[in-house]
Structures are given as structure tokens and as C-alpha cells.
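Student: Starting from the given sequences, assemble the full structure and let the hints guide the process.
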Amino acid sequence: MRLNKRKIIDRLMLGIISALAIASAIPIFAIAVNVYSEGARYISLNFLIDLPPPPVGGGGGGIGPALVGTLVLVALALAIGGSIGFFTGLYLSEFSHTRLAQYTQMFLQVMVEFPTIIVGLFAYMILVAPLKRFNALAGAIALSIVIIPYIALNVREAYKSIPYTLKEAAFSLGVSAPIAYLRILLSAARRGVLTALLIGLAKAAGETAPLLLTILGTTFTYFGGLDQPINAIPLLIYNFALSPYEKWHQVAWGAAAVLLTIILAIFIVSRLIVKEVKV
Amino acid sequence: MMDSEKIFLLFLIVFVSISLLIVAGIVTSLIINSYPIFLRDGFSFIFKSVWNPVKEDYGILPALLGTLISSAIAISIAMPLAISLAIFSAEIAPTSVRGFINSVSDLMASLPSVIYGLWGLYVLAPILNQYIMTPLHQYLGFIPLFSTKPIPTNLFTAGVLLAIMITPFSSSIIREAYNAIPHHLKEAAYSLGMTRWEVIRTLLGYIKSAILAGAFLALGRAMGETVAVAMVVGNTFTLPRSLFDMGYTISSLIANQFPNAEAYSYMMPALYSGALVLFTIGLIINLAGLYWIRRVVTRG
Numbered sequence: 001m002r003l004n005k006r007k008i009i010d011r012l013m014l015g016i017i018s019a020l021a022i023a024s025a026i027p028i029f030a031i032a033v034n035v036y037s038e039g040a041r042y043i044s045l046n047f048l049i050d051l052p053p054p055p056v057g058g059g060g061g062g063i064g065p066a067l068v069g070t071l072v073l074v075a076l077a078l079a080i081g082g083s084i085g086f087f088t089g090l091y092l093s094e095f096s097h098t099r100l101a102q103y104t105q106m107f108l109q110v111m112v113e114f115p116t117i118i119v120g121l122f123a124y125m126i127l128v129a130p131l132k133r134f135n136a137l138a139g140a141i142a143l144s145i146v147i148i149p150y151i152a153l154n155v156r157e158a159y160k161s162i163p164y165t166l167k168e169a170a171f172s173l174g175v176s177a178p179i180a181y182l183r184i185l186l187s188a189a190r191r192g193v194l195t196a197l198l199i200g201l202a203k204a205a206g207e208t209a210p211l212l213l214t215i216l217g218t219t220f221t222y223f224g225g226l227d228q229p230i231n232a233i234p235l236l237i238y239n240f241a242l243s244p245y246e247k248w249h250q251v252a253w254g255a256a257a258v259l260l261t262i263i264l265a266i267f268i269v270s271r272l273i274v275k276e277v278k279v
Numbered sequence: 001m002m003d004s005e006k007i008f009l010l011f012l013i014v015f016v017s018i019s020l021l022i023v024a025g026i027v028t029s030l031i032i033n034s035y036p037i038f039l040r041d042g043f044s045f046i047f048k049s050v051w052n053p054v055k056e057d058y059g060i061l062p063a064l065l066g067t068l069i070s071s072a073i074a075i076s077i078a079m080p081l082a083i084s085l086a087i088f089s090a091e092i093a094p095t096s097v098r099g100f101i102n103s104v105s106d107l108m109a110s111l112p113s114v115i116y117g118l119w120g121l122y123v124l125a126p127i128l129n130q131y132i133m134t135p136l137h138q139y140l141g142f143i144p145l146f147s148t149k150p151i152p153t154n155l156f157t158a159g160v161l162l163a164i165m166i167t168p169f170s171s172s173i174i175r176e177a178y179n180a181i182p183h184h185l186k187e188a189a190y191s192l193g194m195t196r197w198e199v200i201r202t203l204l205g206y207i208k209s210a211i212l213a214g215a216f217l218a219l220g221r222a223m224g225e226t227v228a229v230a231m232v233v234g235n236t237f238t239l240p241r242s243l244f245d246m247g248y249t250i251s252s253l254i255a256n257q258f259p260n261a262e263a264y265s266y267m268m269p270a271l272y273s274g275a276l277v278l279f280t281i282g283l284i285i286n287l288a289g290l291y292w293i294r295r296v297v298t299r300g
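Here the protein sequences come in this chain order: C and P. Letter 175 of the first sequence, counting from 1, is numbered 175 in the working numbering, and no numbers are missing. Letter 209 of the second sequence, counting from 1, is numbered 209 in the working numbering, and no numbers are missing.
Hints should not be assumed to be uniformly reliable.
Below 20 Å or equal to it, Euclidean Cα-Cα: the simulated DMTMM-like pairs (lysine to aspartate or glutamate) are [to be verified]:
id	chain 1	residue 1	chain 2	residue 2
1	C	Lys132	C	Asp227
2	P	Lys6	C	Asp227
3	P	Lys186	P	Glu176
4	C	Lys160	P	Glu91
5	C	Lys275	C	Glu168
6	P	Lys208	P	Glu198
7	C	Lys275	P	Glu198
8	C	Lys7	P	Glu91
9	C	Lys5	P	Asp106
10	C	Lys7	P	Glu198
Anything over 12 Å on all C-beta distances counts as not near chain C; from chain P, calculated [what the hints assert, rightly or not]:
id	residue
11	Glu91
12	Ile143
13	Thr148
14	Leu185
15	Gly289
No wet-lab data here; the hints were simulated from the structure. Just so you know, even glycine gets a beta-carbon here, dropped at the ideal spot from N, CA and C.
Tutor: Structure (C-alpha cells):
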């Protein structure tokens, strides 16, 4: 009798756990289905190039300026945030015994969890307020700051994972430190480093909150210089989804399908890289 | 030879210093910019419920409550899901699909929040309204929590959307700890004649600190999330009286009011000080999370 009761509870709990686990994964599939069923039909070459449509009347329009803006912002963020994050991560791994490294690592772990809107407030203060104009550079700096801790912590992992014997071998060649770290050991850690950069890339491409306070999201011009306002795909989705115009909602869904595709592509590439390591 | 090494070390330290300077800069900018309103009102603006730009009178209590309520809803829905998902992928699911489950979970964690927001606004909110909030209000409306007649965008919707967003993140922390449990412990548990559920329950006790860490870090994320919440929370500045009230959170208040702030003299400081409050709460919660995660690491 007692054994039966235990067996029943066992079955029951395993069932509940499985049901909850499956329920928690439903949203991602729902999101993918909804985004593509609502958004995919608007995507065409013209959608990627054209200016957004006027709220009422006119043709289908597109997300050209926002796509250009996202490319500019992400490229800058990856260049700035990527290099700061990379060298910080390298230091954290190779000089992990120093107090500076320990403190920096703690700060970065806290920084990863910073609400990103706070980064936007910071970028506003140092780059928007002095220039008295929303500008692309402020957005790029804000995105750089957002991705630095992700890249640094992941690059640290990548360098940490290099076997100690390999590190010893590299230095026993008698080459200088930069060559040992940046040519020999980087090639050993390249997949981890690449993954770190891809994580940063995905983060920068999808981040919205700091852009609200820095780039304004000008809708009808492409790129006018780093000191000028600019748009980005996530910001366009946010602004258009909250607008009262049905047509802009459609553009928002189309843009979401584009963004989701970009994120999926980055995700799949990074998975393939990781898998290759195991082989 | 020695020199190139020293120069390289210095070179690295320059970058490390930039990272540290940014952290310091962010904290300083919050303090400097919120200073004027602290000087004028002291701490009272945290506990006041007023947003009157014309009179330059600000208090962020409704937004603070909105942040606490929506993230409390989020964490209470997310934790059972996150623990289940972690156990399912580490213990119950066939080995061949575990990799797939983990990939899906990681993908969910890296989806941009604006996509969650768009989906939350146009798909989730109407569904919640029709099938959960309206029935709850109709049949249990006498309970104060459900007393407001719901419209699709409100604190509850924001909480559910946040729960969906933080579940995979929290789950991955728990999963890693669960997978790191020494194998002999699991074998010992089974050899006592325990059923699978009894083994799972015992092992969950063993990774209590990881579960706490997962909860705290996810809570920190929920509190700081901006755009997804701003899209579904209703953005209305009133003290919430029930879960179905439209509201604000601190971060959505900043996102929403910032464009107007330049025109007034104290709105900008009010928003920066809101961010400072959010930052302080978030810092405490995240440090608690990191503390618990460190306990997992040192024991493992």
C-alpha cells in the first residue's frame, strides 16, 4: 500500500514537472510562428531598402533607414565594445591572480545585470546633452557599453579553457607576450572568442532601451553622419508597434521578422562553432 | 623581451581601466543628475504619488510599486517553470533531445526584448485578457487583487510577459548546478530505493543555493527590463489598487517620460533619481544572486 502511494506520487510529480517544462517552452514557438506569419509576407528586397510608408495611404514602404542604422550602430559597437571587452577579458584570464582582475570581474558581473536603460541615461549625459542633439555616436557608445561585460566574461572563459601545457609551450618558444597571447593562444581560443563576439553582436542588434535615449529614431533619412540622429530596427519596432496606425503595425511585424532572422542566424552560427569544438 | 611584456601588460590594463571607468561613470552620472531633486525634496519623492510637470512636482511611488508588483508576479510564475525546465532537461527528457531543449532555452534567453514586447502587446495581452483576467475578475472580483475590470495592457500582463522572458535564464543557472551534482550522490540516492521524484527532491535540496541564485538574478533582470514592459504595462501614473490596474514601472517611466523631460527643470533629475533607486535595488538583488552562485561554485 505504502509503496503504491509512493509510486503514484512519483508518477504525478514527474508528470507535473514535464508539463510545466513543456509549457515554459511554448512561448518561443508561439513567438516564432506569430512573427513569421504576421511579418514574413511584407519582406521583400524593397522592404529592406525603402523608406517607411506614410501612416496613411501610399505604398507598402520599408525599413531601409533602420536597417542601415542598425548596421552602422552594430559595426561601431562591435569595434569599440569588442576591443575593450576582448582585452579586458584577456587580462581577467591571464592575470586572474591580481586584485585588479578580481575586482574588475566582480564589477563586470554586476554590469551584465545593469538595466540597459541606465546605460542609455549615461550615454545621454556624456554625448547627447553636450551636443544638444540625439546622435548615432551616443547610440553606438551605449551599445558598446552594454556588450563589454558579455564579451569580456566570455573571452575570459575562452582563454581560461586553453590547457595549461599549451600556454607553457607557447611561452617556451621565447616569443614576446603579445605574439604568444594574440597569435598562438588566440588561435587556440578562437572559437570561444568568436562565440563571445557573436553574443555581443546579437545583443547589440536587438537592444532597444538605451537607443530610446540616444538616437531618437529619425524615420525618413538614411545615414546623415555620426553626429546626427539615426534609426535602428529594434527602435523602429518599438515606435511603430505603439503608434496608432495599422500600416505601421504591419511594418513593425515585418521588421520583427527581419530582426528574428538576424538573431536566429547568429545563434545557429554560434551553435555550429561550439559543436565543432567538441569534435 | 621583458619590455615588450611590460608594455603589453600596461596596454591590457588601459582597457581594464576603461571598463572600470565606465562603471564608475555610470554610477556617478546617476548621482550627479539626480542630486537636484534630492536637494529640493529629500527622499520624500520616492514615497510620493504625483507626476505633475507643470508644478514641477514629482514622486515615483506608483512606478516603484509597479516595478515590485510586476517582478513579483514574474518571479512567482517563473520559478516553478524554471525549476521544472531544468529538471526536465537534466533528468527526465530522453538524452537525445536534451541538447535541443537546452538550445531552445538558450535561444529564448537571447531573444531581443522588443520582440517579446511586440508579441506581448498583440498576441499575449488579448489572450490573457480573454481567458485569464476577465474570468478571474468576474468570479473572484471580490478579492482586492482582481478588483479592477481588466483591459489587455496592465501590471499582470507585464508580469506574465516578464515571467516568460526570465524563465530560461533562471533555468539555465539551475540546470548547470544540477548537472554538476557529483554522480555518486545520485547513485547513492537511488540505491536507497528512492523513486525518481524522491531522488529529484533530494538533489534539489542539494542545489538550494543555485535555485536562490537563479531566482535573485532573474528578479534583477525582471526589475530592470524596459521596452517589453513599456509596451504592455499600460503606462498610467496611478497608485495600483489591483493586479489588473494599468501602471508604470521605473524603467518604463523613464522610457516614456524621457522625451518630455528636457522641457522641465526637475523632471530630468526625477527620472535619473528613479534610475538611481532602481540601480540600488537591482545592485543589492544581483549581489545576493552572485553571493549564492559563488556558494554553488565553491561547493561544487
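Student: Decide if the proposed pair is consistent with the structure: C/Lys275 and P/Glu198, CA atoms, cutoff 20 Å inclusive.
Tutor: violated, 34 Å
Student: If I take the minimum Cβ distance from P/Leu185 to any residue of chain C, is it greater than 12 Å?
Tutor: Given that every Cβ of chain C is farther than 12 Å from that of P/Leu185, nearest at about 19 Å, it holds.
Student: Straight-line Cα separation of C/Lys132 and C/Asp227 no greater than 20 Å?
Tutor: At roughly 10 Å apart (the allowed maximum being 20 Å), C/Asp227 and C/Lys132 satisfy the hint.
Student: Check whether the Cα positions of P/Lys186 and P/Glu176 lie no farther apart than 20 Å.
Tutor: holds, 15 Å
Student: Given the hinted pair C/Lys7 and P/Glu198, is their alpha-carbon gap at most 20 Å?
Tutor: Satisfied, since the Cα-Cα distance of roughly 10 Å is no more than 20 Å.
Student: Taking C-beta pairs only, is P/Gly289 more than 12 Å away from all of chain C?
Tutor: Nearest chain C Cβ is 8 Å from P/Gly289, so the label is violated.
Student: Within 20 Å, alpha carbon to alpha carbon, are P/Lys208 and P/Glu198?
Tutor: holds, 15 Å
Student: Sort out whether P/Asp106 lies within 20 Å of C/Lys5, counting only the CA atoms.
Tutor: Since the Cα atoms of C/Lys5 and P/Asp106 sit roughly 37 Å apart, the hinted pair is violated (cutoff 20 Å).
Student: C/Lys7 and P/Glu91 were given as a pair; does the straight-line alpha-carbon distance stay at or below 20 Å?
Tutor: Distance of about 17 Å is within 20 Å: holds.
Student: Does the claim that P/Thr148 lies off the interface hold, with its Cβ farther than 12 Å from every Cβ of chain C?
Tutor: holds, 22 Å
Student: Has the given pair, C/Lys160 with P/Glu91, been kept, meaning a C-alpha gap of at most 20 Å?
Tutor: violated, 29 Å
Student: Would the non-interface assignment of P/Glu91 survive a Cβ cutoff of 12 Å against chain C?
Tutor: violated, 9 Å
In the structure shown, a violation is registered for the earlier hints numbered 2, 4, 5, 7, 9, 11 and 15, in ascending order.
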